Amino acid sequence: MKILIVDDSKAMRLLVKRTLRLAGFGDHDTIEATNGSEAIGVVQSEQPDLVLSDWNMPEMTGIQLLQSLREQGTDVNFGFVTTEASEEMRAMASEAGARFFITKPFTPESMEKTLTPIIG
Amino acid sequence: MSALFSFPALDDVSDTLSLLLNKQVSVTQGSPITTSPTIVGTYIDQQGNVGALGLVDLPLASYTGAALTMIPTDTAASNIRSGKLSDEIRENLQEVFNIMVAFFNQGNVPHIRYHQLHTSPPEFPGDINALLNAAGQRADIEVDIQGYGAGKMSLYAV
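Line by line, the protein sequences are chains A and B.
Heads up, the first sequence is in my numbering, so the first residue is 10 and it goes up one at a time.
Heads up, the second sequence is in my numbering, so the first residue is 63 and it goes up one at a time.
If you are wondering where the hints come from, they were derived from the structure by calculation, not from laboratory data.
Since we're looking at a predicted model, the values are computed, not measured.
Treat each hint with caution, since some may be false.
[Claimed, not checked] Using 30 Å as the maximum straight-line C-alpha spacing, the simulated DSS-like pairs for lysine-lysine come out as follows:
1) LYS146/B - LYS26/A
2) LYS122/A - LYS19/A
3) LYS122/A - LYS146/B
[Claimed, not checked] Some, not all, of what chain B presents toward chain A, calculated at C-beta under 8 Å:
4) LEU82
5) VAL171
6) HIS173
The C-beta atom is built at its ideal place from N, Cα and C for all residues, glycine as well.
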């Protein structure tokens, strides 16, 4: 499985990769994008199976990225990994087609619990 | 910030930082930061007004930023000796401040998000100084990161 990690923070992209490995998903390929706008191109060229995206990013936010992908007819599995998790945001994300929210700081256990139904 | 705001318990601060840094982090009651340079992170509401501030001394800034991505302790110590954060540690510190927003977004207070870092010297912008002098609620804590070191943090609710 190919997993796209979208976050403007290099440290957070590293932490997500490390936690994926600790959660038992280390055998899957990971690719990265630094914002939503860049991620659009990466999704088109790399065809990932799963997108893990931050919410607040420059150029294009995570929710804008998701909405854009769905408008293009891309139904890639998509979830947010973010500090922001208000009820309003969760509702917005769900309506746009997000499958899950992982809140920061996250643990290998929380990541495993959330992603196992999707990655297997 | 609303008068309904209350700072998180020290154990909650410890748990959050320990999870984030993947290190044992102990948090105890502390005292105000008196050393220089100091680093302040601002948090803004939906209207762009500053709703909260997080202040750290240089040692804690360096240790926290280094611990996030396992930068060696020697590098963190070098930052402290030089009086300046490396670009990598500063970028990491921004992510720590981003996650620290959880300390403020509790209960029914207006939602805020992390905005940016300022270092003094050079002096903080005038509005930041004014807020530091007039902040409604404040907590001073001592944070000790296993394998790295300790420093001071102050949380201000405007």
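Do the hints match the structure? See the list:
1. LYS146/B - LYS26/A: holds, 29 Å
2. LYS122/A - LYS19/A: Roughly 24 Å separates the two Cα atoms, so the pair holds.
3. LYS122/A - LYS146/B: violated, 40 Å
4. LEU82: holds, 4 Å
5. VAL171: It is violated, given that the least Cβ distance between VAL171/B and chain A is near 12 Å, above 8 Å.
6. HIS173: Check passed: Cβ of HIS173/B comes within 6 Å of chain A, closer than 8 Å.
Consistency note: the structure conflicts with the earlier hints numbered 3, 5.
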